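Novice: Using the sequences and the accompanying hints, generate a full structural model.
Protein chains in written order, with our numbering: chain A, 1 to 273; chain B, 1001 to 1275.
No lab work stands behind these hints, which were simulated from the structure alone.
Since the structure is predicted, the reported quantities are computational estimates derived from the model, not experimental observations.
Each residue gets a CB set at the ideal place from its N, CA and C atoms; glycine is no exception.
Check the hints yourself; a few may be wrong.
Said to hold, decoys possible - Stretch-level coverage of chain A by chain B, calculated; a stretch enters the list once three of its residues show a Cβ under 8 Å from a Cβ in chain B:
(1) 5-18
(2) 51-59
Claimed, not checked - If you only want the chain A side, here are some residues facing chain B, beta carbon under 8 Å, derived:
(3) TYR22
(4) THR24
(5) MET27
(6) ALA28
(7) ALA31
(8) GLY32
(9) PHE39
(10) TYR45
(11) PHE140
(12) LEU144
(13) ALA183
(14) GLN187
(15) LEU200
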Amino acid sequence: MLVRAGRFRLYAAVTEGSFRRYATYRMATAAGVFTNTVFGLILAYTYLALWDERPGLGGYDQSQALTYVWLGQALLTVMALMGGGFEGELIERIRTGDIAVDLYRPADLQLWWLAADVGRAAFQLLGRGIVPMVFGALVFDLTLPPDVLGWLAFLVAAVLGVAVSFAIRFLVALSAFWLMDGAGVTQVAMLAGTFFSGMLLPLNVFPGALGEFARALPWSALLQMPADVFLGERSGTALLRTYAFQIGWAVALLAVGRLLQAVATRRVVVQGG
Amino acid sequence: MADDDLSPVREGLRAYRLISAMWIRSLMAYRVSFAMTAFGNFAVTAFDFVAILLMFSQVDRLGGYSLAEIAFLYGASCTAFGLADVALGSMDRLGRRVRDGTLDTLLVRPAPVLAQVAADRFGLHRVGRLAQGTLVLTYALVVLDIDWTPLKVLMVPLMLLCGAGIFAAVFVGGAAFQFVAQDAAEVQNAFTYGGTTLLQYPPTVFAKDLVRGVTFVLPLAFVNWLPALYVLGRPYPLDLPSWTAFTPPLVAAALLALAGVVWRAGLRSYRSTGS
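Specialist: Below you can see the structure in the form of C-alpha cells.
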C-alpha cells in the first residue's frame, strides 16, 4: 500500500513537472493562441457558408457548427492532432539509445510518458484552449453546455480523448524500435489524426460509408466525440455509449502498447549485448 | 554606379544558390527519405482540398461559387504560396537561431544574412505543396469554361508570380518580427498558412471587415482574389474598380521593398544572447 502511494506521488510529480515545463513558454503559447484564433475565424466563415447552403447539415444547426470550429481550435494541441506531443522526444531517445537508461529506472515507461502527456494536455487546454473559445463566443453565437453537468460530461470525454490520443502516439513512438527513424510514421499519424478526428470537417458531414468508417476509428474519440458531448448531441445512454467507445479504444490501444513495449524491451537487451 | 547598387543583391543570390545547393546535396544523400517527406508534404496539403471536395459532396455552391471556381482560387493561392515556401520556408527558424545564439555564426560570414537565413536548411521537399497546388490549378483550368482573352491568359502566370512575391514579403516581414519576439514563430504561421487558407475560398464567404483587412491592411487579396476574379469574370470584393485586378505587380513590389526595410530594422535591433 505504501509503495503504491509512492508510485502515485511519482507520476503525479511527472504530470506536474510536464505542466510547468509547457507553461514556461509564455510567448510561444500567446503566439499559438493568436494562430488558433485566426484559423478559427477563417474556418468559422467557411462553415457559415456551408451551413447557409445546407441548414442542418450533419444534424448540426449553424450555431453548433460554429461551436464545432472553435472546439477544434481549442482541442487541436490538447489532443496533439498535428503532432507536437511527447512522441518526438521518445523517438529521439529510442534512436540514440538513451531509452536503455529509461528502462533501468524503477518506473514504468508507458505510465511515465502518460503522466507527462496528461500534464502537457492539461496545460494546453488552459493555455491554448480557453482564449480562442472565449473569442469565438464573443464574435459568434455559440452553443455552450446549459449547466455544470454538461461541462463535466464534456470534460470526461476530453480526458478520455487524451487517453486515446496518448495510446496512439505511444504506438507511433514505439515503432522507432523497429524503424529507427520515426519521421514517416509520425507523418502518417498526423495525417490520420487531422483527417479522421474531424479536424478538417465534422465526421458526421462525411458522406455514406466513409463517414461510418471514420466514426468507427479511434481518432473520432479525440475531437468528434468530445465535441458532440459539448454540443449536447449525446445524453443518457448515448453518452454512456460514447464513453464506452472511448474507453474501449483507450484500453485496446494501451494494451497493444504494453505488449509492444515488452517485446521492444527485450530487443534493447539483445542489442545491448 | 548602377553596378554598385546591384552587387549586394547579386551577392545575396549567389550565397543563396550555394547554400541551398549544399542542402539539396545533403537531402539527396537520403533519397528515399526525401521522396517520403516530399510525398508527405503533398499529402498534408492535399487533405485541405479533400475537405473542400467533401463539402461539395453535400452542396453545389459555396458562397455562390462552384467547385471549379473554388479550385481555381485554391490552386492559385496554393501554387503562389508553394513558390514562396520553397524559396523562403526556412525563415521561421530565425526565432530559434536568435534564441540559441547561432545567428551570430551567420553574422560573421561574408554573405548577406537574409540570403543565409532563407537558404538555411533549404527544404526541397516543400515542392510537395507546390505540386499539389499546381495539380488543382491545372484541374480548374481544364474544367472551367472561361472566355479566354490574351489578357486573361497573361493574368494566370502573372498572378502566381506576384502572389509568390507577396507571400515572400510576408515571410521576410514575419522573420523580422522574430528578432523582437523570439518565441513567436506561430504568429508568422497565422499570416502565411492562415493567409493561404483564407484565399482558398471566395471573398463572398467572409465578413466585409475581414475582406477589408486583407485588402487594405495586409494586402493578401492581391495574391489571387482580384486577378482570379478578373479571369473568372466575377465581381470584385468591396466594389473595387476593375483596374485593381492589374495592380498585383505594384503591390508585390511595394510589399517586398517594405519587407526589406523591416528586415534591416530587425537585424539592426538584434543583440546577441551573450551581451
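Novice: Honestly, which of those hints from before does the structure not fit?
Specialist: Of the numbered hints, 1, 3, 4, 11, 12 do not hold.
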